[in-house]
Amino acid sequence: MAALEARGSPLDERTQRAGLCFAAPALAAIAVFFVLPVAAALLLSLTDFDIYAVADPASLRFVGLANYARLLADPSFWNALGNTLYFAAVGGTLSVAASLGGALLLEAPLARARGFFRTVYFLPVVTTLVAVAIVWRFLYHPRIGLLNRALDALGLPAVDWLGDPAWAMPAIIGLAVWKNFGWNLVIFAAGLQAIPAQLYEAARLDGASGWQQLRHVTLPMLLPTTSFVVLMTAIGSLQLFAEPYVMTQGGPGDATRSLVLLMYEQGFRWWNLGFAAAIAFVLFAIVAAATWVGRRVFAVERTV
Amino acid sequence: MKRRWLSALTLGALVALAVFSLAPLLWMVSVSLMPAGEATAAPPRLLPSAPTLAHYEALFSRLPLARAFANSLLLASAATALGLLTNSAAGYAFAKLRFRGRDALSRALLAALVIPGQVAMLPLFLLVKELGLVNTYAGVLVPSLASIFGIFLVRQYVLAIPDALLDAARLDGAGELRVFTAVVLPLCRPVLVTLGTFTFLGAWNDFLWPLVVLSDEALQPLPVALASLLGEHAPDVEILMAGSVLTVLPVVVLFVALQRHYLRGILAGSLRG
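Protein sequence lines correspond, in order, to chains F and S. Just so you know, the numbering used here puts 114 at position 114 of the first sequence, and the rest follows in order with no gaps. Just so you know, the numbering used here puts 11 at position 11 of the second sequence, and the rest follows in order with no gaps.
None of these hints come from the bench; they were simulated from the model. Beta carbons are placed, not taken as given, at the ideal position from N, Cα and C, and that holds for glycine. The reader is advised that the hints may include incorrect statements.
Some but not every residue of chain S turned toward chain F, in silico, with C-beta under 10 Å [stated by the list, open to error]:
| # | residue |
| --- | --- |
| 1 | S7 |
| 2 | T10 |
| 3 | A41 |
| 4 | P143 |
| 5 | A168 |
| 6 | A169 |
| 7 | L240 |
| 8 | S244 |
| 9 | V256 |
Please build the complete structure, drawing on both the sequences and the hints.
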């Protein structure tokens, strides 16, 4: 069949040309505005591109791996990496656990009005991050915030959520869990619906309790979905930016400065583009490593 | 009896989660309607004493939010139109038109999906600057011209269209462009609505790239305008909440209207192989 198609009948040539024409605009856009910049970023990270080079590219020098060496010796990089991994590990785990719990509840046999609840749970996902981050900033306000007013009503001491280095990242995680809850929940719910009902019937015939069904049927059958959700959540979490940008500007101190926020500040505030590009590539390497582990170790099939 | 208890318990838990999801949004709406200063007064109020639209008026008359709203609408619509055009054509080509290098390109695109967008951002800014597109709408739209996710979303859908249907149109004398516009596109309507909703919401909510490209206040979309409003009006909670409502409301309405299509897009990306 393939051999037949390879021989150039007029129709084949026509499809060939049409195929190229139809794909060309998208491919050209991706080549010029994505592939080329990514390749350029790699080169950029090997230069001392700074504010002087923005004005006069002739002053640009090739510095080899100096930016990476500087990065590894820079405490602010390790701090940002630590913050990002903290957010990904703690925030990601809480987020996945909350969504899994919510999906189990929503798909429970006794649940009602599923469509309504699913819509409500999903609403925070579509909201604009900058807008809801501003809302949460006020919910976390030490004096007027609803959260501290609730603590006060319960007789508990007030917490300076965004002003205390120990609480600022947990506060950002709170916003992230709230906002992403519905996204993973929808994926988990679809995974739950795909588990054949016969498995539960067989388990019941064997006398399995509700808890045993969850442990021995639901969770194992859901494993491919769970691996996928964990991987995608991890990749998304590593790109943390707008939450700290709006809520804390990376502070207090450096407590919430993430890798992307550090890259943004180095690149677009101080115009150390070479150094910022090195940060971007470290982020890329971490995301690629996470994807590799996900695919090889946990057999996640897709990353779209 | 036990069953009834369990049923009530389940419903109670579902409602509690709904309150968790909705409370910050409802509080945002409530505060946006409060007279100035009421949100910060003691004792705390959950509802406005005398609801007022004064802050919304201020956003439109005193502050540049009407302009930002128009910018957002324009940018998100243009991104959607451009994305639909290029991605549907490419998705169709990758599904049905065998051209040289197609399979290798397809594998390369899937591999490139792993690359976080921020990696391209610094050189992309230099490129946009070289092209003279800093502080223009075009500069913001450049990354939305095509998306790998969009191409594969359409491709997957088009794969299910029988070849016989396309060949029948060709035998009737239709050119390739006509096959695409008259046969493929109408059949693709559901996936185009899905992709369109995705693109529009993504473009409306986008923050980092417009922040980088647009320093001119007159061109900034809502999220960027809102972030600078926060810088200038941090103590005016009521005004900030009105601005947040203005930013969030259109996407919430759009989502509720088109949620079936939107959710299908998420699942297309996660479950089907």
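Each hint, compared with the structure:
1. For S/S7, the shortest C-beta to C-beta distance to chain F is roughly 5 Å, which falls under 10 Å, so the interface hint holds.
2. For S/T10, the suggested interface contact is upheld, since its CB lies about 5 Å from the closest CB of chain F, less than 10 Å.
3. Below 10 Å, beta-carbon pairs count as interface contacts, and S/A41 has one with chain F at about 8 Å; its hint therefore holds.
4. Because the closest C-beta pair between S/P143 and chain F is about 6 Å apart, less than 10 Å, the hint holds.
5. Against a cut-off of 10 Å between C-beta atoms, the interface hint on S/A168 is violated, since the closest Cβ of chain F lies about 14 Å away.
6. Against a cut-off of 10 Å between C-beta atoms, the interface hint on S/A169 is violated, since the closest Cβ of chain F lies about 13 Å away.
7. Interface hint at S/L240: satisfied, since its Cβ lies 6 Å from the closest Cβ of chain F, which is below the 10 Å cut-off.
8. Of the supplied interface hints, the one on S/S244 holds, with its beta-carbon coming within about 4 Å of a beta-carbon of chain F, less than 10 Å.
9. Interface restraint check for S/V256: the shortest CB-CB distance to chain F comes to about 7 Å, inside 10 Å, so the restraint holds.
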